[in-house]
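Chains as they are written, first to last, in the numbering used here: chain B, -1 to 276; chain V, -5 to 262.
None of these hints come from the bench; they were simulated from the model.
Worth double-checking, as some hints may not be accurate.
Claimed, not checked - A few chain B residues that don't get close to chain V, going by computed Cβ distances all over 12 Å:
| no. | residue |
| --- | --- |
| 1 | GLY31 |
| 2 | LEU34 |
| 3 | LEU40 |
| 4 | TYR84 |
| 5 | VAL109 |
| 6 | GLN121 |
| 7 | PHE136 |
| 8 | ASP140 |
| 9 | VAL158 |
| 10 | LEU171 |
| 11 | SER181 |
| 12 | SER207 |
| 13 | ALA222 |
| 14 | LEU229 |
| 15 | GLY252 |
| 16 | ASN256 |
As the list claims (entries may be wrong) - As a list, the in silico DSSO-like pairs of lysine-lysine whose alpha-carbon atoms are at most 27 Å apart:
| no. | chain 1 | residue 1 | chain 2 | residue 2 |
| --- | --- | --- | --- | --- |
| 17 | B | LYS176 | V | LYS69 |
| 18 | B | LYS176 | V | LYS109 |
| 19 | V | LYS87 | V | LYS110 |
| 20 | V | LYS69 | V | LYS24 |
| 21 | V | LYS131 | B | LYS188 |
| 22 | V | LYS24 | B | LYS188 |
| 23 | V | LYS131 | V | LYS110 |
| 24 | B | LYS176 | V | LYS87 |
| 25 | V | LYS31 | V | LYS69 |
| 26 | B | LYS188 | V | LYS87 |
| 27 | B | LYS176 | V | LYS131 |
| 28 | B | LYS188 | V | LYS109 |
| 29 | V | LYS131 | V | LYS109 |
| 30 | V | LYS87 | V | LYS131 |
| 31 | B | LYS176 | B | LYS188 |
| 32 | B | LYS176 | V | LYS24 |
| 33 | V | LYS31 | B | LYS176 |
| 34 | B | LYS188 | V | LYS31 |
Even for Gly, the Cβ is constructed at its ideal location relative to N, Cα and C.
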Amino acid sequence: MSIAASLTSGELTVKSPVRRKLFGDLARTRLSGAILIALLLLLWEVSAARGWIVSDNWPRFSAVLVAAYRGLLSGELAEILGSTLYRMLAGYAAGCILGVLFGLVLGSNRVLDWIIRPLIEIQRTLPSPAIIPPLILFLGVDDTLKIFIIMLAVFPPVFVNTYGGVRGLDETLLLTAKTFGLSRFDTLRKIVLPATLPAMTAGMRIALSLALIMAVIGEMISGASGVGNYLMSMQYAMRADSMYAAVICLAASGYILNRVFLRLERAALHWHHSMQAE
Amino acid sequence: MTEATAGYLSIRDVNKVYGGQHGEATTALKSITLEVKQGEFLAILGPSGCGKSTLLQIVAGLINSTAGEVVLNGKAVTAPPPEMVYLFQQYSKSLLPWRTVEQNVALVFESRGMKKREIEERCGEYLGMVGLAGFRKHYPWQLSGGMQQRVAIARALAAQPRVLLLDEPFSAVDALTRIELQSLVLDLWARQGLTILLITHDVDEAVFMADRIAVLSSRPSTVEMVVDTDLPRPRDAMGTRELPRFLQLRHELVEHLLHRQNAGRVDA
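Make the full structure from the sequences, and use the hints.
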């Protein structure tokens, strides 16, 4: 019996319950996403091995894996990746701290809000890569520049979300703090900060991928280290396998960072309704 | 001192005007004057949107009045006094969802330099009073509405107030829970020797709980009349509601409110 026949007759459920159960269960797990990725990678491997695509820039996927493995083992790729991640995390941390700080202060102080926010509004509409060339003149091409531009990219989403969170705080919470005589500092620490945390982490989650993007762009435009720089060098050197290896390592790092972030967010916001859905 | 004779809590000629300057000014409260005796249970009864909550928040020192003053025990109220606590209608927004039931109550002890052990003991004590001793480690959102309001009541009592300001505290819970909570609050009021100001639009609730009822008109709110309930204490959830005096009072008040509402419609 063919599947097609069963499908057209609309009796797949009746005729092959086992098959339906197998595919149904698979579709409902995380595995189904992994299967698609695995299939695409297999297609890559086969297309290169069978010569469907003939190009020096299209190595087999297995060759890329070998290049990645060798690079990481020899320490060359590991060091390059490490320097990128180091700058990324430094810029990310700085941007998050500044975003939260400004968000809290401007969200709760109207005068400072009027004075400072117009400036921030202009800054956040600027595409971050556009200000790299002028910034090079001031900060050089070293870590300072790269960390700084990552910080500039991370700041806006963290700021906007924190600011919005503080502005959207329920009046009742603040009055509750007042009726129990909490000091301004205690109100900030015990009421405003935890109540705004879900908004903050939402901003930080967006900012995490921006940080990685800016880290790589910064390295592509200037400097002599990091994955961005390595990618450009490998492209010029026509070493496609190493180039792809770096991209894959970057993707894996991004994925792991995101997973770690979600884990931490979940732990911090276990009380929040958005975390109770699953 | 004149204040000593003037009563325990005085609301004197309080006005509240919103807007103004360039926009149209709305008068929410107009010349509200009320005297509350120590240990008294006063209900303030009025239709929705008549500015009852505004009045209570002014009494609590949470917002400022446009004119007039509130005097507690001889001192003008300009900021929330430590001996006065406000219980919010929206208990779910007043409890901190990131804190357990116990930690919510602990909020009022933390700034007093108490030891952790002592705080836990005191929290247990107050949670016991409202019948939630077994829910210390729960989060507010794991509890029913009535239980959440109990947590809020425990937290309010933990602050050891002399005056409790209740802002329609039972309006968001179901009818049976409301009756339970009313009796609980009456019991705590008698045991702790509190002075209570209750804001409500529920005639039944006002008559059942209060010593006196002040009836507010709709905007701009003024005190239309003050009546003594003259019902025996302790009040019983069933028995008191069947007394002739209860029925008569409820009848008169509902009639008054209905009549006014209809008169308003004709005017409009």
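So, going through the hints one by one against the coordinates:
| no. | hint | verdict |
| --- | --- | --- |
| 1 | GLY31 | 31 Å, holds |
| 2 | LEU34 | 37 Å, holds |
| 3 | LEU40 | 46 Å, holds |
| 4 | TYR84 | 33 Å, holds |
| 5 | VAL109 | 19 Å, holds |
| 6 | GLN121 | 32 Å, holds |
| 7 | PHE136 | 42 Å, holds |
| 8 | ASP140 | 42 Å, holds |
| 9 | VAL158 | 22 Å, holds |
| 10 | LEU171 | 6 Å, violated |
| 11 | SER181 | 7 Å, violated |
| 12 | SER207 | 27 Å, holds |
| 13 | ALA222 | 46 Å, holds |
| 14 | LEU229 | 43 Å, holds |
| 15 | GLY252 | 30 Å, holds |
| 16 | ASN256 | 24 Å, holds |
| 17 | B:LYS176 - V:LYS69 | 19 Å, holds |
| 18 | B:LYS176 - V:LYS109 | 23 Å, holds |
| 19 | V:LYS87 - V:LYS110 | 26 Å, holds |
| 20 | V:LYS69 - V:LYS24 | 22 Å, holds |
| 21 | V:LYS131 - B:LYS188 | 18 Å, holds |
| 22 | V:LYS24 - B:LYS188 | 37 Å, violated |
| 23 | V:LYS131 - V:LYS110 | 15 Å, holds |
| 24 | B:LYS176 - V:LYS87 | 14 Å, holds |
| 25 | V:LYS31 - V:LYS69 | 15 Å, holds |
| 26 | B:LYS188 - V:LYS87 | 15 Å, holds |
| 27 | B:LYS176 - V:LYS131 | 25 Å, holds |
| 28 | B:LYS188 - V:LYS109 | 18 Å, holds |
| 29 | V:LYS131 - V:LYS109 | 19 Å, holds |
| 30 | V:LYS87 - V:LYS131 | 19 Å, holds |
| 31 | B:LYS176 - B:LYS188 | 12 Å, holds |
| 32 | B:LYS176 - V:LYS24 | 25 Å, holds |
| 33 | V:LYS31 - B:LYS176 | 25 Å, holds |
| 34 | B:LYS188 - V:LYS31 | 35 Å, violated |
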